[in-house]
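*Asks:* Below are the chains, spelled out letter by letter.
There are 4 protein chains.
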Amino acid sequence: MTGSSTAQDRQASPIAPATGKLGILTPGLGAVATTFIAGVESVRRGLSKPIGSLTQMATIRLGKRTDNRSPLIKDFVPLANLDDLVFGAWDPIPDDAYTAAKKAGVLEDRDLEPIKDFLSTIKPMKAAFENKYVTRINGTNVKTGSKREQAEALRQDIRDFKAQNGCDRVVLVWCASTEIYIKAGPQHATIEAFEQAMDASDEAIAPSMLYAWAAIMEGCAFANGAPNLTTDVPALLELANQKGVALSGKDFKTGQTWMKTIIAPGMKARMLGLAGWYSTNILGNRDGEVLDDPASFKTKEESKLSVLHTILQPEKYPDLYEGFSHVVRINYYPPRGDNKEGWDNIDIVGWMGYPMQIKVNFLCRDSILAAPLVLDLALFSDFAQRAGMKGIQEWLSFYYKSPMTAAGLQPEHDLFIQQTKLKNTLRHLMGEDQITHLGLEYYA
Amino acid sequence: MTGSSTAQDRQASPIAPATGKLGILTPGLGAVATTFIAGVESVRRGLSKPIGSLTQMATIRLGKRTDNRSPLIKDFVPLANLDDLVFGAWDPIPDDAYTAAKKAGVLEDRDLEPIKDFLSTIKPMKAAFENKYVTRINGTNVKTGSKREQAEALRQDIRDFKAQNGCDRVVLVWCASTEIYIKAGPQHATIEAFEQAMDASDEAIAPSMLYAWAAIMEGCAFANGAPNLTTDVPALLELANQKGVALSGKDFKTGQTWMKTIIAPGMKARMLGLAGWYSTNILGNRDGEVLDDPASFKTKEESKLSVLHTILQPEKYPDLYEGFSHVVRINYYPPRGDNKEGWDNIDIVGWMGYPMQIKVNFLCRDSILAAPLVLDLALFSDFAQRAGMKGIQEWLSFYYKSPMTAAGLQPEHDLFIQQTKLKNTLRHLMGEDQITHLGLEYYA
Amino acid sequence: MTGSSTAQDRQASPIAPATGKLGILTPGLGAVATTFIAGVESVRRGLSKPIGSLTQMATIRLGKRTDNRSPLIKDFVPLANLDDLVFGAWDPIPDDAYTAAKKAGVLEDRDLEPIKDFLSTIKPMKAAFENKYVTRINGTNVKTGSKREQAEALRQDIRDFKAQNGCDRVVLVWCASTEIYIKAGPQHATIEAFEQAMDASDEAIAPSMLYAWAAIMEGCAFANGAPNLTTDVPALLELANQKGVALSGKDFKTGQTWMKTIIAPGMKARMLGLAGWYSTNILGNRDGEVLDDPASFKTKEESKLSVLHTILQPEKYPDLYEGFSHVVRINYYPPRGDNKEGWDNIDIVGWMGYPMQIKVNFLCRDSILAAPLVLDLALFSDFAQRAGMKGIQEWLSFYYKSPMTAAGLQPEHDLFIQQTKLKNTLRHLMGEDQITHLGLEYYA
Amino acid sequence: MTGSSTAQDRQASPIAPATGKLGILTPGLGAVATTFIAGVESVRRGLSKPIGSLTQMATIRLGKRTDNRSPLIKDFVPLANLDDLVFGAWDPIPDDAYTAAKKAGVLEDRDLEPIKDFLSTIKPMKAAFENKYVTRINGTNVKTGSKREQAEALRQDIRDFKAQNGCDRVVLVWCASTEIYIKAGPQHATIEAFEQAMDASDEAIAPSMLYAWAAIMEGCAFANGAPNLTTDVPALLELANQKGVALSGKDFKTGQTWMKTIIAPGMKARMLGLAGWYSTNILGNRDGEVLDDPASFKTKEESKLSVLHTILQPEKYPDLYEGFSHVVRINYYPPRGDNKEGWDNIDIVGWMGYPMQIKVNFLCRDSILAAPLVLDLALFSDFAQRAGMKGIQEWLSFYYKSPMTAAGLQPEHDLFIQQTKLKNTLRHLMGEDQITHLGLEYYA
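Protein chains in written order, with my numbering: chain A, 1 to 444; chain B, 1 to 444; chain C, 1 to 444; chain D, 1 to 444.
Hints may contain errors.
Any copy will do: because identical chains look the same in the list, a pair fits if it lies in one copy or spans two.
Using 30 Å as the maximum straight-line C-alpha spacing, the simulated DSSO-like pairs for lysine-lysine come out as follows [claimed, not checked]: (1) Lys-298 <-> Lys-162; (2) Lys-359 <-> Lys-103; (3) Lys-123 <-> Lys-183; (4) Lys-298 <-> Lys-132; (5) Lys-74 <-> Lys-126.
Don't read these hints as lab results, they were simulated from the structure.
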């Protein structure tokens, strides 16, 4: 009895090594992308630590507790090395990464100035962008032509970037704004319908979808950091499977939703009831401004609201979780800049129905929380594709507010189950036993 | 590939059924014990729900996600039925359970009055109690004689209770106060030394140890709801192994520490650093008064402080967790009565070292959170013993601030690992596959 | 030098004594009105204290600090006695005061049951009510006919109530819902225009105005507890001056705005700057439901937003207060019922521009805070009218979110200036020196 | 009727003009003093604003509201100009002001570097210091000899500073640490006893008293920013009156106590009851370290606890304020540095005894709040002395946690009464009417 699965569960297939350069291209060169790029460069120069990144800092326990085998993930799994990363971006605003980072106001001068030389060289390519999908932003650095033409131009951008930088592989991580709410329709049902809609510049094809299509066509993994529909449609899922491309999304799980997927599982673990959960956010960055538009907010709200029901399963626990109130508000409040703040009031119910309250005030920093996720998703997506995994990467649910899952499955929102899934997937891919925390052998 | 362990990990040995009556004896008939008893009776009469109790309300997933097998734990595992429970208690204050509950002020009249008849019949037996171990309490309903004589009297109490109530089995759950801080010494090293110390009324033998010794000698499982040393000494562990008795402890994990073992794993899952964690509590019940004595507080503080280091592993993650400040304060503040309130300020560190803050304000109810734990521990301890498990029940770590573990092992404080351990233990004992959340089969 | 004004500032004119019964009629018999009535009756029976009421509990310092003259206000000023109060109400929902109080869920059974006999006798008269002004409420207990006819019927109600109860005097205090936002127009410019608009059932004449017109015509003081425009129009101000009627309003200052008018003056006293103030509320009572309608919320929001600018005077202190963000949100959140909760985040600025934050979490009870205001306004309005004061009672600004003031004056929002104004007005009316807190005489 | 006092209340005596240079000497050159000096210099260079300073930023209303006369205080009252200020200090640690400011970590480099030249020239004189009065600090830059000899050396320091800098006048503002708790004894009863005790180096004479004695002997006003006893003894009060010296103290009112004296008056204004007030602080600067010593904490605690009783007057309002719990805690918590944080939980009581809660979380900056107080106290103390005011300056209570008052008077803690007192004193001294906020003339 080992407290772990046996060898026959293990994957045998070889994983291609992470040789050569890996290009990371981000649609969006705003607060998140520049904080990500600045941080990686700063780490490469030995000026800071990649805090918040599992690929760089986390260990993974292998075998029994008393085996004392806990290598760093990056020593256990063949990931691209930070020194091999090359960065590029698209943005409707033509600022280079240094200028954009200064405007974003996330990083302080003492962190930006030492790498100004590097950041200044990163200039955004022309974006596939339309104001009607993100009404609060206007930009001049944009592509023209039909949606199909823009998508083809994006493919060319990827090929050019790869060639100019000598990249072996490229991944895309969406770091741009939340688009207005779009539902999957017939235009997204098949590859053919999708491409016809691109040809017709159909409005159901949002700009983010053009990036996703281009990425898949070029064989690049795509990770979706916004709640936009993007790849979560049959046409692009099918295309990714055909092309052997790894996809994941949607919406980086930072700040309040991250906390929610920590506390809700804790409450449920103890079978405490929930009468209501009120969440409000104040933020003053471009993201806040974009979400001040009700159409963009709806996309975000859908992403944020789904979390609790899936974790708490009211259908299975009606006495505890049926009919709770769940209110989520986001308010544009300029004094805070990127320093998003959340306040949650949670009305819980205990033994014999007695009410209690938990209030969580989170003074966070949006881009500081998101940046390491960009890094991890880029490296893990690249790794997954080299390991032969294609389509939805459910094991990366850990990073998302609205994880994509196979049709018919509920998304998993519990951060700790997501973590177990992620780590057991790594163990499995590398031929190690899975961990179940049984551990009865110590008390035989 | 099943995302779970295989059949050879499964336990085959039969578990004795839960037939007949189960006596639950609590040292202490104060806020926690009366809330527990009142709640069980109220549930038996259909007046309330046993919210917070895993044995009564939780389900357990068996097999694959898509198997849709999630029975209630109580339908899966042979636990004693609520209708078969009989209650008894010891307390230095002679109030019956109804009077004690009224004084405790936890439950409202609308919940107490309908079961006054029942509660009034529960009168505490004379306690083994000495004011010097709990300086803020004085009581008249106490045993006299040497420590050995008191311990023998406790054994007789247990036998009498069993006979008078026709119990098949009895378990003890400590629901009394925090004693002054005691370190394990030579008096606790062996069974012989322990019994000699009892004969000599040695001051190293705290009253709680007399209950534990009596319970073990009578073959009764013992669960320790306070941070007192009690059974966590070689002498009593050895005795329990000899007698086939299940032990668990120490210190019910409610309120602030429960939250801490939810949030710290969440922070660590994401590899965010910690600069400091300041926790303060205000409470106005007897517990608050007892902890206003520095000697009792020290016992509690040790229990509360250990949690973070074990979860965060600063030795493994020096860049993230070395040298954080951890301050825990408890303040006696009468306006609140049993409605304990905690305020935590958590200084976390993100990408490139940027600081963020989380503040948690928990308006909880001490006894409401503790009562279902008493029930679960009584039922699971009884079950464990019937399943042939003896000595430390590490799988019940889920319920404790300072889990007892085998020598040489670190206690596990992460609530979610504790939960996995508990559920996988149940699966294992009942011959089911363990869950690893791998789930790659859905994406084959 | 006395630290106070001299005798020539004092009023000489006699004040009519408070003989006979005083009728208090409230449009609205919901949470606020029933809590008010239940409380007064409970105080009369010696069952509770009128906490929160200046007329019942506050003292007023007279003369020098060392004179030790601080009588209760009610012993200093001739106010109606609680035993002389008689209650009546109008409401579109026909529940009697006991039933309405039970539904409101503010008071617990232990406070309601002992006075059930009394409350059950108070049945609401038919209301002048139209759903279009308060869209979330529907009621059957309503008057019909043109607006003029309804207004005349209200006058008849007042006369009948006075006769049936043998009242010497009657005052009206608006305790009903927030109406949709209405701006003063030509219909409110003159008495004639107003009455013609009533005849025409013009939609600019909201139901609350009918009550106000009826009250003034009957010589009854009117206090406006909602942000509705009501008496704050030239026509009704003129009519009140003609009829010698005392008016005050608008919108009871409870909860969050009360706190705001405490903290903002404190910040300004110290010349600390303000970058932003974010206020959110959660409440689950009828008020919350009504304010969930954007049109009603607009009325309330106007009332809540004006407070800060008037206190902070950005035009006078541009370096400190120009351009701060002020966001106010109200969210309907059923779990809380009447227990409204506010959360404020205040971004302040100190020496050399360094930012600091104040966060205020107020777990309040809406009707508990409003009830003593109803009492004070009824008694002070009655007193003012007996003292020959008519039209706007600026000295009662203390009780309102949007104090009515003479044309050309800024409303005063600072709670402490409001308090000084109120108390110095009482001193003045009773011929006592005003207090200036100079007090240099002690250091001569 | 003017809503103000009449001319006979006005002071006629002339006030000496603020000609020449004013020296400001601070015992202590730590976080507070360096933040103060850096700020003044920064303001003089046009680099920042003196936010938080009444002498620099506040206006004062004169006459009727509609007179629109609200000059800046500094344009109304003859105060020393910022350009005429000269700075000096004593400190047991020999760091110059630039080095000390860097170590304090209050101001950021962008604010310190531009004035490094200036700050570097300010080097502390040898301090009268003894480790036994401030146990957590050790310093080498200290005077030797008997207490009398040290005091005489301080007088010589003052004379030298005055001569070297060509100062017309000098004031002292205590900006150093909290000393251990000392009660007034026979050594402080008369000038003679005090001086004999200095001769004998009696331990009842704390170092702070030596500074105060030296200041008074040299005719310098003394403002006491710590809770130390210092000048609050008969001997030094008598000496100050003899020498015509203005005194004020004790303990700068910043942070949590400042908030307390805002909120408590607000609660009392509305006659809401208080069941308890729990205050906790976390801070990580030198002040926090000093207060970690129980003897220093006791001095501070006395200062902090007195506030509520004096404001709320439980003897006058037993139904509201008798027997409330008041707990104040200060915790040394290094992650925060100078960024002190307070958390208050306030249990208030409303209508019919219903409980409510207010929670205030104040993320403040200790020295940022204190620095403008140093400036105001220096300028106002100098002004007062020029205006012929000597001994206790009660009108400066506004700035202190424990205001000094004439024997037999209660200190005034209500921030708003303190503000009225301060402003009416200025009006009085300058021959203007006092403001009473009556304002009935607008409604004649």
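*Asks:* Next, verify each hint and record whether it holds.
*Replies:* Here is what the structure says about each hint:
For a Cα distance limit of 30 Å, the shortest separation of Lys-298 from Lys-162 qualifies neither inside one copy, at 36 Å, nor across copies, at 55 Å. Taking the closest pair of Cα atoms, Lys-359 and Lys-103 come within 30 Å of each other only across two copies (28 Å); inside a single copy the shortest separation is 33 Å, beyond that limit. Taking CA atoms no more than 30 Å apart as the test, Lys-123 paired with Lys-183 passes in neither setting, with 33 Å inside one copy and 53 Å between copies. Proximity of Lys-298 and Lys-132 under a CA criterion of 30 Å is satisfied in both settings, with 15 Å inside one chain copy and 28 Å between copies.
With identical chains, the CA atoms of Lys-74 and Lys-126 are never at most 30 Å apart, being 34 Å at best within one copy and 57 Å at best between copies.
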